[in-house]
Structure formats: C-alpha cells, structure tokens
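Asker: Given only the sequences and the hints, what does the whole structure look like? Please build it.
Same order as they appear, the protein sequences are chains A and B.
Residue numbers for the first sequence follow my numbering, so the first one is 311 and each next one is one higher.
Residue numbers for the second sequence follow my numbering, so the first one is 516 and each next one is one higher.
One or more hints might be untrue.
Claimed, not checked - Distance ranges between label pairs, derived from CB positions:
(1) A:W480 <-> B:K656: 36 to 42 Å
(2) B:G686 <-> A:L516: 40 to 46 Å
(3) B:R655 <-> A:I588: 25 to 31 Å
(4) B:R642 <-> A:V570: 51 to 57 Å
(5) A:V570 <-> B:E700: 51 to 57 Å
(6) B:S846 <-> A:V329: 45 to 51 Å
(7) B:V849 <-> A:K427: 49 to 55 Å
(8) A:M328 <-> B:E727: 21 to 27 Å
(9) B:S922 <-> A:Q365: 41 to 47 Å
(10) B:R642 <-> A:K427: 27 to 33 Å
(11) A:V329 <-> B:R655: 53 to 59 Å
Calculated from the structure, these hints are not laboratory results.
Yeah, the Cβ is synthetic: ideal placement off N, Cα and C, and Gly gets one too.
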Amino acid sequence: MVIKQQVKKYPEDEQWDMVIEPYNNIFDLKLKDVWQYRDLLWLLVRRDFVSFYKQTILGPLWFFIQPLLTTIMFTFVFGRLAGISTDGLPPALFYMAGITAWNYFADCLTKTSTVFKDNANIFGKVYFPRLIMPLSIVVSNLVRFGVQFLLFLVVMLYYGVKGTPFHPTWAIALFPIVVILMATLGLGAGMIISAMTTKYRDLAFLITFGIQLLMYATTVIYPLSAAPAKYKWLLVLNPMTALIETFRYGFLGRGSFSWVSLGYSCGVTFVLMIVGIIIFNKVEKNFVDTV
Amino acid sequence: MSVAIKVENLSKAYQLGEIGTGTISRDLERWIAKVRGKEDPFLKIGEANDRVVKGTSDVVWSLKDINFAIQQGDAVGIVGRNGAGKSTLLKILSRVTAPTTGKIKVKGRIASLLEVGTGFHPELTGRENIFLNGAIMGMRKYEIKNRFDEIVDFSGVERYIDTPVKRYSSGMYVRLAFAVAAYLESEILIVDEVLAVGDVEFQKKCLAKMGEVRQGQGRTVLFVSHNMAAIQKLCNTGIFLHNGQIALDGDIDKIIGKYLEAGSSVTHSVYEIPKPDTPDIAGFAYRLKIEDTNGNLINEIPVGKTWQVRVEFTLNKPVKHFIIALGIVNSAGVNLRTTWSNKADLEAGNYEAVFKEDQLLFAADTYHLTLGLSSYERAIHYVENVAAINISDAADSTLDPSIVRTSGVGVLLNPMNIDISLLQQKRQNLID
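Answerer: Structural data, given as structure tokens:
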C-alpha cells in the first residue's frame, strides 16, 4: 500500500538501514562501505591491468618498454646533449630512479584528477562508494609501479655487477613510506582537481600541461645539488622533491636527504589529503547533475 | 507488514541550460546568499517541471515535495510522461544523486538497475564482466561465484562467455547484464525501463524473474516502465507522477487507468461534432460517444473489453432510404471495417444510433472513426476522423488467455480454432 501526502509519526526506535539526505557529513568517509566493496576494488584493478594490453602482441611487456624508452631518451637528451650532472651516477640509473618514482605520482595525479569525468557514465547509473574509483587508480598504478621498479632493480643489479660505484643507504628502509606518500599526494591533489573540474572544466586543460612543468620543478632529471641557488627554494617547496631525493638517496646513496624536508612533504601530503577528502565528499553526491 | 521505504518531503531541483562562463556569477550569488544565511535565490524561483511549456527560470523542480511509503514485499509501478520525474526519483533512491531537500529512509539493501550492463568493459570477456558488473552492484566475489552457473544459464549466452563483450550482439549484451542483476541479493530491487531491449522471449523471462523475486522471496520491487501491460502484470500498487508531483497513488489498476486517460490527449469519450455549414442540410450528426457495452462513457478500452459507439443526430426533414454508417481506420491509416445500418424511412427529429462492437477483437492501437449519413446512398453528412478510440495494452480480464500479445501482432486478435493432434502414425510411415 502506498500512503499519500501524509507524514506519519513513527516511533523513535524505528530502525532504518539507510537514510538518504541532501548533504554528507564532510568527514564521513564511509570506509565501512568501501570495505564492503573491496572485491570491486580488486576487480577494477584487474580490469585496468588486463585491458591495458588486450589485443596487443607484446602484452604485459609494454609495461617495461615505456620506462625503458624514456630512460634512453633522457640519457641521450639531458645526459649527452645538455650535459646535466647526474651526481656522479650512471645516467641510466639516475634517470630511471627519477622516472620510476615520478611516473607513479604523475599517473596517480592525472588519472585521479579526471575520475569524475571519466566515470560519469557509470557513476550516473549505479551507486558504490565513489572513493573506490580513485583508490583503484592508486592501486592499479601501484602494480605498474611495481613492474617498473623491478626493472629499476634489474638495471641496478647490472651496474652493481659491472662495479659502478653506488651505495644503497639505510634510507632504503623509508621506501614504503615514500611510496605511500607519493600515492597519497597524487590521490589528494587529484581528488581536489577532479572535484573542481566537475562543473568547470578549465582546470582539466591545465593539468596535463601542469604535470609536465611540475616534473621540471622536481629533481627528476637533475639532482638537487645541481640546482641553481636562485631557484632552489622553489624546488624545496615542492613536496615531490624530498620524496624523489629520499628515494635516490636510499637506493643509490646520492642525493640530498633531510628529515626536515621529508617531514615537510609529509605535512603537505596530509593537508592535501584531508582537503581532497572533504571536497570529494562534498561533490560526490551531486556531481552527476553538473558533470 | 513493515515499511521498506519512506520518502519525506523529497524535492530535487535541476538547473537548465548550459553550464559555462555565465554560470559562475550565479554560483557566486548563490554562495554569497548561503554565507549570509539566506535562502538560495535560485531555488526560490524554481517552477514546476513542465517539459512542454517554456518557463521563465533556469531552475526546475524535477520532484517537488514528494511523500510516500512503500510496504515491504510490494511491487510498485511508477508511471508518468517523459520528464515527470520517474528517473530522478529512482536516481535518488539508488543514491546516484542526492535530493535537494527532504529525506528517504530505507530498510534493507537496495539494488538498482537503472541501466543494464553498467560498467561492462568491452574488452573483457563475458565471464570477467559478470564478476565486474556484479561487484559494481555490490555483490561480493564469492556470492557471484556461487551463482555464476545460474547467471550464465539465465542469460543464455553460454557459448560466448569467454568472448569479449564487444563482439556480442546488443541483445546478448542485455541478456548477460540483466542476468547478473537478476541474481543480486537485496531486499529492494529498483528497475528502470531496461526491458525495452531484448527479444520478446527474454522480456517475458525478465518479467517472470521479477515476479518471482517479489512473490517467492518477498522482496520489494520498484519498476518504471511505459509498458502498461508489463506494469499491470508485475505490480500491485503504483505511483503516478506528473510534473514532479504525485498525481495519484494506490491500486495499480487505478493508476494505469488514470495514466492512460491523462496520456491520451487525442481520445475523449464524448466528441461534439461541429455543425456543417451547408445550407438547407437534411440532417447531421452532432455528438458521438464512446462507451462500454453497459453504456458507461469510457476513454480507454482495455483489449478484450466490448465497446460501443453512440451517435446522436438530427434530421431536419423526413429522410427516405436513410443509412448511417461507421468506418474504422487504424493508426497506420488502413481502413479496417465499415458497417451500415439497415435502410429506413425516418421522420424529422433527434435520433441516436448505437454501434456495438462485440465480435472483433482489435489489437491495442489508436483507431479513428469515420461517420456517414446518407439517403439513397448519397451522402447527407460525411465526416472523416470524427473521433479516436484508444484500445490499450492493459488487457481486460475477460481476454482470451491464449492471446500472448496485444500489440504489434496485426490488427485482429480473434483467436482461430486450432487443433493440435499427434502425428505418430504418419511420422512412422515417413521413417519407413
């Protein structure tokens, strides 16, 4: 039976499983929901992974080819042609460390920043915790990062056998933290951008171009020690710099590591993540209407 | 029985027009109003959502102050014209978008099927997509695994299960997608018009499955469709939305009746026939009524119900060899039938003639009538397209149960006498 135009008073103790309201509590992450949908997270990661190399001959090999070619190109352009310092390290090793770490952050950021736009179709038809999508991006990029990192280790081994001097340091233990920070930073910044581009797409134009610029403002293709003093403050302000430097210092023993700059990166990451979550939460309920 | 869904003062406003440079100033204005604690200036001027009429404001209320409650185990049909707010309501219920104001309280898990195959990835195989799609709709992996064989079986695409779905025909795609949804474990199932695709056999299968979901498992079903026959078959109660508001709710038959009446602006039950301006006319018909065979005026005739046409006419002078005739033309413009009264000599005066249709079973369609009055087979008054009759898909209870479909199957539904007998004897001869 349907009761029309009358709001009956129900006893206070009436138990509802769910109440749909106009606004979210901004800090309510619905992590319980996310946990409930954890299988979806894995299936989405699998989908990204599998669909990446479907209908290709080389298949998963493409995961290796991309960073390999980039490294060769960088070695040629920046090492040979421009003659930029690599802190005394073999250029291939130096660039590969930078690219591997940077790619992970950059992929997380660019993919997350278009998550609403790219998935508008599916978001518009079915509910699942929206956070699953950016999370799946971070995780599936983690898989790619893992593959590229393996490649980096292989190159490291090659140079090790060859006897080229590099010394992994204790900071290698910070590796998991660095990865988490890179993922969180990409996720946080990406969520802010994605939330801001649901209504006005202007920022979306900036992002592909901005990420390129940001790479040059991070110590990917040159060491921090070789940066001109005039612009050094800019590099230090960039939270990614400390992460890349720590990564390099840990694995290759070169680079400027300091607890202060790592702590600063932590702080920035944390703030971006919180702001990202708040904005994402606010937007996720209604973005379908404006995207 | 307890309440499964309770909707309180639910409203949803949408902004019309394009979003671009102009909208940012408006957004600022709204934001300032919000900061100052004032009412949103743009919601205030929002108007009822009538798609046809051009409004003055950019904000429309797709839903406005909706209140209703749905009991557990009910199958609710939601009907209304395009743009009445049906899909908006379902979207809010399935949490795809949030209401502007108001609340919905829900008991139990909701599975919604606003579109079939949401999240299907063209590159993945049927098998992979079953898992992905199931997970998107909230199933755990082991749940899908347990039901995998049933899902494949229901979909009937077993042969293609390891082929990427981009190679599927659209029908197969829909079959697979609906099959996943059919095996969702939830207390509440929301289905938007998704059965429109797929062949008849599959549509029936889906409806049967939905009926089973409701009756067998006591789950609540919300169903949006323009197919009144499907709604009538499946639902026991309904909501009729009109311009974002509830026009009527309650028993499904009443809802369907009301909806068909409102939707069929072309058909009335009484037609006033304009008086011909021919001078010195011998006679003319002035009114035509469409009635059931008990003489009640009726707008919409369920397939199978007998009906009659009552024509009132005036003769200004005595007419000899008078015949009144009625023609029926279907929506495709095919003349189906003409029927003539016996010739008679009539005095001047007001008369009525009743044409009773109790032999032919017309399929669901809109039919147009042609009326003619004549004397010695020469027309006195002749009107084409004098009235329209709507025979609706929602079948009458007296309809012959052997009739499988009531529209798109030709013009007449009268069953033939069909004898089926065993041919064992002859077949054996053939084999020899």
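Asker: The structure should be examined with respect to each hint, and the outcome stated for every one.
Answerer: Checked hints:
1. A:W480 <-> B:K656: 36 to 42 Å: holds, 41 Å
2. B:G686 <-> A:L516: 40 to 46 Å: For G686 (chain B) and L516 (chain A) the Cβ distance comes to about 44 Å; the hint holds.
3. B:R655 <-> A:I588: 25 to 31 Å: Between R655 (chain B) and I588 (chain A), where Cβ atoms are some 30 Å apart, the hint holds.
4. B:R642 <-> A:V570: 51 to 57 Å: For V570 (chain A) against R642 (chain B), whose Cβ atoms are near 53 Å apart, the range 51 to 57 Å holds.
5. A:V570 <-> B:E700: 51 to 57 Å: holds, 53 Å
6. B:S846 <-> A:V329: 45 to 51 Å: holds, 47 Å
7. B:V849 <-> A:K427: 49 to 55 Å: holds, 50 Å
8. A:M328 <-> B:E727: 21 to 27 Å: Cβ of M328 (chain A) to Cβ of E727 (chain B): about 25 Å, so the range 21 to 27 Å holds.
9. B:S922 <-> A:Q365: 41 to 47 Å: holds, 43 Å
10. B:R642 <-> A:K427: 27 to 33 Å: With Cβ atoms ~29 Å apart, the hint holds.
11. A:V329 <-> B:R655: 53 to 59 Å: 24 Å Cβ-Cβ, so the 53 to 59 Å window is violated.
Hint violations for this structure: number 11 only, all remaining hints satisfied.
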